[in-house]
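Visitor: Chains as they are written, first to last, in this note's numbering: chain A, 389 to 488; chain B, 4 to 275.
Some hints could be false.
What the hints assert, rightly or not - So these bits of chain B aren't anywhere near chain A, every CB distance computed over 10 Å: (1) GLU111; (2) LYS115; (3) ALA125; (4) ARG157; (5) LYS171; (6) LEU201; (7) ILE206; (8) GLU214.
What the hints assert, rightly or not - With a Cα cut of at most 35 Å, we get these calculated DSBU-like pairs of lysine-lysine: (9) B:LYS115 - B:LYS165; (10) B:LYS97 - B:LYS72; (11) A:LYS450 - B:LYS115; (12) A:LYS438 - A:LYS450; (13) B:LYS165 - B:LYS196; (14) B:LYS165 - B:LYS97; (15) B:LYS97 - A:LYS450; (16) B:LYS81 - A:LYS450; (17) B:LYS72 - B:LYS115; (18) B:LYS81 - B:LYS115; (19) B:LYS72 - B:LYS165; (20) B:LYS115 - A:LYS438; (21) B:LYS72 - A:LYS450; (22) B:LYS97 - B:LYS171; (23) A:LYS438 - B:LYS72; (24) B:LYS97 - B:LYS81; (25) B:LYS115 - B:LYS196; (26) B:LYS171 - B:LYS72.
For the record, the hints were derived by calculation from the structure and aren't laboratory data. Treat the numbers as computed from the prediction; the structure is a model and nothing was measured. For every residue, glycine included, the Cβ atom is placed at its ideal position computed from N, Cα and C.
Okay, here's what each chain looks like letter by letter:
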Amino acid sequence: MTLMSLFRRRNSAPVARERLQVLLAHERAFAGQSDLLAVLQEEIIAVIAKHVSIERDRVHIKLDRGDPISTLEIDVEVPSAAAAAALRGRATARPAMASG
Amino acid sequence: MATVIVVTSGKGGVGKTTSTAALGGALAQSGQNVVVVDFDVGLRNLDLVMGAERRVVFDLINVVQGDAKLPQALIRDKRIDTLSLLPASQTRDKDALTAEGVARVIDELRQKFDWIICDSPAGIERGATLAMYHADAAVVVTNPEVSSVRDSDRIIGMLDSKTARAEKGERIEKHLLLTRYDPARAARGEMLKTEDVLEILSIPLLGIIPESEEVLRSSNLGTPVTLGNTNSAAAKAYFEAARRLRGETLVVSIPAERKGFMGRLFGRRAVA
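Bound-form chain B, shown alone:
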């Protein structure tokens, strides 16, 4: 049975798109059929992070409005064929997304895929509420930073009231994905600790993604971090998170960047 996941946060720039691409890549590598759907109409970026920006022909709005069939709009990943992308429109207004249209597209995607991962736009407006409406589970992406935690709290409230499951009195699974985490700074008391964020938001932890150079490198190259350097700390953390999404129980670790001799030698310069 298909699972619809919304990757959401309220706040912008915390890593929703990166996380959507990385979790999609990780799940697809475990043999699951995955589609990542960009709901950020007018400001699409998932295509760019996935490296498919040159291949976009039709988009979510074309399908919603009946200008294109779903298979025509889906872009199959060139690296792994169990992964597909449904891009957002870059030029339309987000009002072009109708609740009925989105419901129809999600229903059709449920027939074709095991996982439907919806990349929510920032904010709490129509785009964000439509992205979360059909979700069975939510990944709440949060940075260990006050404004991000506050916005996540707001989004958690919306997940519990404005989704189809909430309206039917059913539970929506919520998972916290803590991104851009710097264990050293947290240990020095310069950054909110994982326990602090968990205590405030009180939803279960899906994973901790350490701040990593590999994330920027991946987006530069248009490769989800889990399809690129799979040995990087960020990729390992996303692989772990994906396994938890599939229901495995794993102790949450904070993978560290493993540096070889050359890495240690040049590591500092590369960061500077």
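Chain A extracted, bound-state conformation:
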């Protein structure tokens, strides 16, 4: 055990405190809006789907709740023209995609 690890040992409680503060601030703020992210996802996908054909499985969503800012990262794979044409064909067969 080194001197540094002794310091680290003391430092875990402040880390716990900070993690809890950030987490609870978010949980309290978003209480009752548990579906916010799901709603955001649906609406964003609907907007994009109006202009290009996309596949729902190719949408990746990442979140990092932080203090003072959080980031919401939405990664949509846009297919090439040929693939998009093929997708469009399938999309008409799947009206659920177009309902947004």
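On the provided structure of chain A, position chain B as indicated by the hints.
Guide: What follows is chain B alone, placed relative to chain A:
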């Protein structure tokens, strides 16, 4: 072939979540593909113990209800890429978990992972029974303390009657994980001994996790103890337990905290 494990206890606060994270970390380090699944709907904590609380977007219930695809809800560990987390919902009611939905998710997880470790909620209600239903093996987390041993006995009874394997007349492997064990107090007769607990519960011993400062430190930091200070007694004990889960036969030891000069000097103060 994938193995589904439920980490269960009946009693709360005995170390189910800590053990789920630690065993998941240990198995993932041996190159196995592991997912840890939080079944504690409404009171999720596995995300916090794993240090992934800021990254939760979708959860088990979103997948069960079809609002999200499984890959969207899985959170890949940042320290080791063979480890993933499927978080529970913090805001929904546990009634949102349906038996069919859970069966579908477990089936899908079986295609992707070698180990599916389900962190059961405390109690014997729906959440706990759903967490254990698909298990091939169970880790029964028990403290050497009367109420914990009694509740473990109750849970063992449920594992033998209320799981898919039990219903098919098949055997479910049950392992005892004795946590928060203090060898010195057990030797002084102040704490139930390992043999006492084993004799009462009569299931094989997976490991003995000694009471260790490192466990609290790990949860403070959001690091499973097996991905943090791997030299700590608790981490060593979890590594041993993970090897036994993989089928190795090892003599059960109680790893002791190794203290260097500085540790001996400051050890007492740190505990106080």
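Visitor: The structure should be examined with respect to each hint, and the outcome stated for every one.
Guide: Hints, verified against the model:
1. GLU111: For GLU111 (chain B), whose nearest Cβ neighbour in chain A is about 13 Å away, the distance exceeds 10 Å, so it holds.
2. LYS115: At roughly 14 Å from the nearest Cβ of chain A, LYS115 (chain B) sits farther out than 10 Å, so the non-interface label holds.
3. ALA125: Holds, since 21 Å exceeds 10 Å.
4. ARG157: holds (32 Å)
5. LYS171: holds (34 Å)
6. LEU201: holds (33 Å)
7. ILE206: With a cut-off of 10 Å, ILE206 (chain B) remains clear of chain A, as the shortest Cβ separation is near 34 Å.
8. GLU214: GLU214 (chain B) is indeed farther than 10 Å from all Cβ atoms of chain A, at 16 Å.
9. B:LYS115 - B:LYS165: holds (26 Å)
10. B:LYS97 - B:LYS72: holds (20 Å)
11. A:LYS450 - B:LYS115: holds (21 Å)
12. A:LYS438 - A:LYS450: Holds. LYS438 (chain A) to LYS450 (chain A) sits at ~23 Å (cutoff 35 Å).
13. B:LYS165 - B:LYS196: holds (30 Å)
14. B:LYS165 - B:LYS97: Holds: LYS165 (chain B) and LYS97 (chain B) sit about 18 Å apart, inside 35 Å.
15. B:LYS97 - A:LYS450: holds (25 Å)
16. B:LYS81 - A:LYS450: At roughly 13 Å apart (the allowed maximum being 35 Å), LYS450 (chain A) and LYS81 (chain B) satisfy the hint.
17. B:LYS72 - B:LYS115: Given pair LYS72 (chain B), LYS115 (chain B) holds - Cα atoms ~14 Å apart, limit 35 Å.
18. B:LYS81 - B:LYS115: Answer holds: LYS81 (chain B) to LYS115 (chain B) is near 18 Å, not above 35 Å.
19. B:LYS72 - B:LYS165: Distance of about 28 Å is within 35 Å: holds.
20. B:LYS115 - A:LYS438: Within the cut-off at roughly 33 Å; holds.
21. B:LYS72 - A:LYS450: holds (14 Å)
22. B:LYS97 - B:LYS171: Roughly 26 Å between the alpha carbons, so the hint for LYS97 (chain B) and LYS171 (chain B) holds.
23. A:LYS438 - B:LYS72: holds (22 Å)
24. B:LYS97 - B:LYS81: holds (29 Å)
25. B:LYS115 - B:LYS196: It is violated: about 40 Å lies between the C-alpha atoms, which goes past 35 Å.
26. B:LYS171 - B:LYS72: holds (30 Å)
Violated hint: 25 only; the structure is consistent with all others.
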